[in-house]
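The chain contents come next:
There are 2 protein chains.
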Amino acid sequence: MESQRVPVELDPKLALELLGRAGFGRVAFLSDGVPTIRPLNHVVLDGRIIIYTRHTSALGRAIRHQADSRVTYQADEIEPRTRLGWSVLVTGTATDISRDPHAEQLALQVQSWMKHPLDMVIAIEPQAVTGLRLTTGS
Amino acid sequence: MESQRVPVELDPKLALELLGRAGFGRVAFLSDGVPTIRPLNHVVLDGRIIIYTRHTSALGRAIRHQADSRVTYQADEIEPRTRLGWSVLVTGTATDISRDPHAEQLALQVQSWMKHPLDMVIAIEPQAVTGLRLTTGS
Chain R
0 MESQRVPVEL DPKLALELLG RAGFGRVAFL SDGVPTIRPL NHVVLDGRII
50 IYTRHTSALG RAIRHQADSR VTYQADEIEP RTRLGWSVLV TGTATDISRD
100 PHAEQLALQV QSWMKHPLDM VIAIEPQAVT GLRLTTGS
Chain H
0 MESQRVPVEL DPKLALELLG RAGFGRVAFL SDGVPTIRPL NHVVLDGRII
50 IYTRHTSALG RAIRHQADSR VTYQADEIEP RTRLGWSVLV TGTATDISRD
100 PHAEQLALQV QSWMKHPLDM VIAIEPQAVT GLRLTTGS
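Respectively, the protein sequence lines represent chains R and H. Numbering that gives the first Met the number 0 numbers the first residue of the first sequence as 0 and each following residue consecutively. Numbering that gives the first Met the number 0 numbers the first residue of the second sequence as 0 and each following residue consecutively.
Quick caveat, the hints were computed from the structure, so don't treat them as lab data. Treat the hints loosely; a few may be bogus.
When chains are identical, the list treats them as one kind, so a pair holds in a single copy or across two.
Unchecked claim - Distance condition first, Cα-Cα at most 25 Å in a straight line; then the derived SDA-like pairs of lysine to any residue:
hint: 1; residue 1: K12; residue 2: L83
hint: 2; residue 1: K12; residue 2: A127
hint: 3; residue 1: K114; residue 2: S30
hint: 4; residue 1: K12; residue 2: P38
hint: 5; residue 1: K114; residue 2: E76
hint: 6; residue 1: K114; residue 2: R63
hint: 7; residue 1: K12; residue 2: R60
hint: 8; residue 1: K114; residue 2: L83
hint: 9; residue 1: K12; residue 2: S2
hint: 10; residue 1: K114; residue 2: A66
hint: 11; residue 1: K114; residue 2: T92
hint: 12; residue 1: K114; residue 2: D67
hint: 13; residue 1: K114; residue 2: Q104
hint: 14; residue 1: K114; residue 2: I49
hint: 15; residue 1: K114; residue 2: E103
hint: 16; residue 1: K114; residue 2: P125
hint: 17; residue 1: K114; residue 2: L9
hint: 18; residue 1: K12; residue 2: H54
hint: 19; residue 1: K114; residue 2: I96
hint: 20; residue 1: K114; residue 2: G84
hint: 21; residue 1: K114; residue 2: G59
hint: 22; residue 1: K114; residue 2: H54
hint: 23; residue 1: K114; residue 2: R69
hint: 24; residue 1: K12; residue 2: Q65
hint: 25; residue 1: K114; residue 2: R20
Could you put together the complete structure from these sequences and hints?
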C-alpha cells in the first residue's frame, strides 16, 4: 500500500529560494491563444526569474508579440518513490530584457542545459508566489 | 566544466508511452485569462490522459467554465546531475467526464499522491504529442 501525501503551504520567501536552487522549471504562456508549457533553465536574481531562450522559439514569439505577457513559472522536486518534495508556482509578467545593458551578464548566469545558441533574455517579475511541501502528515 | 545536452526528437508513440509510465506531470490551462500550471498525477488509457481533481480547484473551475478547453500536458524525467532524460508535451482538449459510466473506474487508476478527496475526472484528448530526449550528442 503506497502512502499519500499531505501538502503544507510554504512561505513565499522560502518558495522563491527553493525555486532559485532548482535551476530548472517550466513556463506556461499563451501561444496563439493556447496555454502552452516549455521546460527550461532559470536563475533567480534580485527577486526576478531570468530565463534565456531564442527569439524564434514559441515562447520568444509570444513575449515579443505581447509586452508584459502574463505567465506562470513552475518548478518542483518530488522524489517519485518517497513522494516527498516541494512544488513552487510563480505568476507574473514576462518582459524581453535582451536590450538592457546587463542582459548579457544576466544571461550568462542561466546555466542552460541545451547545446544550442540562445539570444533572448526574459525577466519574469513575480506577482504571486505559492509553494507546497509534500509531507507524511505526521 | 558541465556538459550541455543535445535534444533529439522522440517518436510521438514512444513519447506517449514515456508519459504513461511517469504517472506525474503538469497541466497548463487558462484560469481567468491567465496561463496557469498545476502539477498532478495522471494515467494514459486508450490514448487519452486521465487526470483526477476537484470541481472546486482552479483547474476544475476552468474546465467546467469552458467545455473542450485547450490545454497542454507536460511531463519530464531529467536527472539534474547527468542532465540526461526526456520531456514530453501533449496539446489537446480537456473534458469533464465525471458523469461518464466508467468515470469512477478510470479515476481509480490515477494514483494520486495527495491525501485529499477528489471528485472530478478529466480526459485530455491529444491533438499533438511531441517529445525530446536529452542526449550527449555523441
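Consistency of the hints with the structure:
no.	hint	result
1	K12 - L83	within (20 Å within a copy, 30 Å between copies)
2	K12 - A127	within (11 Å within a copy, 37 Å between copies)
3	K114 - S30	within (24 Å within a copy, 34 Å between copies)
4	K12 - P38	both (23 Å within a copy, 20 Å between copies)
5	K114 - E76	both (24 Å within a copy, 18 Å between copies)
6	K114 - R63	within (23 Å within a copy, 41 Å between copies)
7	K12 - R60	neither (31 Å within a copy, 28 Å between copies)
8	K114 - L83	between (31 Å within a copy, 13 Å between copies)
9	K12 - S2	neither (29 Å within a copy, 31 Å between copies)
10	K114 - A66	neither (28 Å within a copy, 40 Å between copies)
11	K114 - T92	neither (27 Å within a copy, 33 Å between copies)
12	K114 - D67	neither (28 Å within a copy, 37 Å between copies)
13	K114 - Q104	within (19 Å within a copy, 44 Å between copies)
14	K114 - I49	within (18 Å within a copy, 34 Å between copies)
15	K114 - E103	within (17 Å within a copy, 45 Å between copies)
16	K114 - P125	neither (28 Å within a copy, 29 Å between copies)
17	K114 - L9	between (34 Å within a copy, 17 Å between copies)
18	K12 - H54	neither (31 Å within a copy, 30 Å between copies)
19	K114 - I96	within (22 Å within a copy, 42 Å between copies)
20	K114 - G84	between (29 Å within a copy, 15 Å between copies)
21	K114 - G59	within (18 Å within a copy, 38 Å between copies)
22	K114 - H54	within (16 Å within a copy, 42 Å between copies)
23	K114 - R69	neither (28 Å within a copy, 31 Å between copies)
24	K12 - Q65	neither (29 Å within a copy, 34 Å between copies)
25	K114 - R20	within (21 Å within a copy, 27 Å between copies)
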